[in-house]
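Residue numbers (UniProt numbering), protein chains in the order written: chain E, 1 to 313; chain Z, 1 to 315.
Mixed in with the good hints, there may be bad ones.
To be verified - Here are a few chain Z residues that face chain E, going by a calculated C-beta distance under 10 angstroms:
| id | residue |
| --- | --- |
| 1 | MET1 |
| 2 | GLY2 |
| 3 | PHE122 |
| 4 | VAL134 |
| 5 | GLU138 |
| 6 | TYR141 |
| 7 | LEU208 |
| 8 | TYR227 |
| 9 | GLU257 |
| 10 | PHE258 |
| 11 | LYS259 |
| 12 | PRO262 |
| 13 | ARG276 |
Said to hold, decoys possible - List of simulated lysine to aspartate or glutamate pairs, DMTMM-like, C-alpha gap at most 25 angstroms:
| id | chain 1 | residue 1 | chain 2 | residue 2 |
| --- | --- | --- | --- | --- |
| 14 | Z | LYS91 | Z | ASP49 |
| 15 | Z | LYS264 | E | ASP140 |
| 16 | E | LYS91 | Z | GLU272 |
Stated by the list, open to error - Beyond 12 angstroms from chain E on every Cβ pair, some chain Z residues (computed):
| id | residue |
| --- | --- |
| 17 | ILE18 |
| 18 | PRO19 |
| 19 | GLU24 |
| 20 | THR73 |
| 21 | HIS117 |
| 22 | GLU131 |
| 23 | GLY197 |
| 24 | GLY207 |
| 25 | ALA266 |
| 26 | GLY277 |
The hints are simulated quantities; they were obtained by calculation from the structure and are not laboratory data.
Where a beta carbon is used, it is the ideal one built from N, C-alpha and C, also for glycine.
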Amino acid sequence: MTGWAIAVHGGAGVDPNLPLHRQEEAKKLLTRCLYIGISALNTNLPAIDVVELVVRELETDPLFNSGRGSALTEKGTVEMEASIMEGTKRKYGAVSGVTTVKNPVSLARLVMEKSPHSYLAFSGAEDFAREQGVELADSDYFITQDNFDYRIPTPGLDSSCAAEVDNPMVMNGLPISLYAPETVGCVVVDKEGRCAAATSTGGLMNKRSGRIGDSPIIGAGTYACNLCGVSCTGEGEAILRATLAREVAAVMEYKGLRLQEAVDFVIKERLDEGKAGLIAVSSNGEVACGFNANGMFRGCATEDGFIEVGIWE
Amino acid sequence: MGWAIAVHGGAGDIPVDIPLEKREPREAALRHCLDVGISALKHGRSPLDVVELVVRELENHPQFNAGRGSVLTTDGTVEMEASIMDGQTKKCGAVCGLKTVVNAVSLARLVMERTPHIFLAFEGAEAFAREQGVETTEPSYFITPENIERLNRAKEANRVQIDYTQPIPREVQVETNTATGESQLGTVGCVAVDSNGNLASATSTGGLVNKMVGRIGDTPVIGAGTYANSYCAVSATGKGETIIRGTIARDVAALMEFKGLPLKEAAAYVVEKAERGTVGLIAVSATGEIAMPFNTTGMFRACATEDGHSEIAIH
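So here's chain E without its partners, still in its complex pose (with noise of 0.2 angstroms):
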């Protein structure tokens, strides 16, 4: 029997003029989360619970880039897409190109237990969820007044971007304070020592349709195996092609690397110029998270009492 531990994130890559009421409700929907996880761990729920519960409370909350309050694609539509893991067996499950359904994560875990399947996408992906009966919504849910207010503007058509000149900073090629970093995730151990991941997220902001990041891809957004839980967060593209969260378990199983180490060493050697962010967890109890990245809405706790929201470095 070991402690349990949870983390959770809402994406790395942070405006550094993000008002500072929007940073305090970012800490409160992270703090409301982890107590939600801490005390169904409390109950024994299994990790796969756990990750499942905590995603679901952060894709309904419109503060972040998933479920409620997703990024637009160019079209002006929401593409959703999220990925879910278990450490024992590996087992997983995955949906891309998810447009009217409430919670992709809890799609995700059916298309994992109940098709013959891991991973569906796009209107094949919206059949399977009205097979379930899962709860779906039109693009009004989705679509919220804020995400709509942070659409680009045509190239063309507006070139006050007063907020790109007085701040350089950039991720996936967007400005900072238009770029939708909060993908979320969650990454539980329970006190059996299981481990699981789940990440959610609406994709970046302006995004052509059928763009596929690396939330729902297993290996890059999400891992688990017997050794740890691992969720990403930041330029999509960097994190596919470091194949980062399958990364961190890599290094602690081919290096022997504990958590924290493989955690710095993935963030510092792998990530090549690429921008991101990831929480951790082991089999032994261990939390951990790192990003290279402007700050990063995170937050984790522990059973022995240690509970920790934060933003920044």
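The hints should help you fit chain Z onto chain E, whose structure is shown.
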């Protein structure tokens, strides 16, 4: 140190006594594709060009499950997927859910080179194909009579079926690995290294017979079906779920990088560790070594090196 190249046409439950009329055209196609790759390497083409060229040839060959000859979804449609990766830059591109693109691997290369993204899917990928002016065609081009028959058989058996699954007598309902629905056999792939140690890998597939519409397998997933870096290039084939879960292609490279294993040992370790009957892969290292391990009954494969070694094999 010299160039080296390997190609595959899928791993799986290939019977040892596979009939001559099924074996010969596939062997001939592998030989032809290998020769295309060898000649490109001899002419100094980059490994990235070579793997694209060879996979295009394999996609055009209706005997393999990629491009023309792709297996059908439960709706009787094709949904093709492919990915490509350059080892030196670790740039990569991937596509899935294609219905009209003649050469999925070339669209993956365009995603890599002409978009800020890595992975485009379904309608967005089709729209990108039109924008780029790549060759597209009627869905009927991809659908062969053999694959219609295969889909009908799979539907009769009420299960998804893989390329080389043998017809199961009605009264025998044995659940085998290959009958559980996550195999992905008949996939094609190519890995190549030039004499300067530049590496590349590409993989392409139609997926599974009778798959659900929207299903994505390991082939377009970087690190699972395809991976290349400065150590090696890998293309995997088999049961999609096992390959994604094991990040099979990346793990060969990770073992070389983190444990210092030579290519053959790294490749053998990864395949041994995976569930039996699920995985095959081809790999080349920066120094021109080749590994082609599999834990299935067979894998259609071929390879050649600059020093004159060449082989084509199934079992």
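Against the structure, the hints:
no. : hint                 : result
1   : MET1                 : violated (26 angstroms)
2   : GLY2                 : violated (28 angstroms)
3   : PHE122               : holds (4 angstroms)
4   : VAL134               : violated (15 angstroms)
5   : GLU138               : violated (20 angstroms)
6   : TYR141               : violated (22 angstroms)
7   : LEU208               : holds (8 angstroms)
8   : TYR227               : holds (8 angstroms)
9   : GLU257               : holds (8 angstroms)
10  : PHE258               : holds (4 angstroms)
11  : LYS259               : holds (5 angstroms)
12  : PRO262               : violated (14 angstroms)
13  : ARG276               : violated (16 angstroms)
14  : Z:LYS91 to Z:ASP49   : holds (13 angstroms)
15  : Z:LYS264 to E:ASP140 : violated (54 angstroms)
16  : E:LYS91 to Z:GLU272  : holds (19 angstroms)
17  : ILE18                : holds (26 angstroms)
18  : PRO19                : holds (29 angstroms)
19  : GLU24                : holds (33 angstroms)
20  : THR73                : violated (8 angstroms)
21  : HIS117               : violated (5 angstroms)
22  : GLU131               : violated (10 angstroms)
23  : GLY197               : holds (19 angstroms)
24  : GLY207               : violated (10 angstroms)
25  : ALA266               : violated (10 angstroms)
26  : GLY277               : holds (17 angstroms)
Hint check: violations occur at hints 1, 2, 4, 5, 6, 12, 13, 15, 20, 21, 22, 24 and 25; the rest are consistent with the structure.
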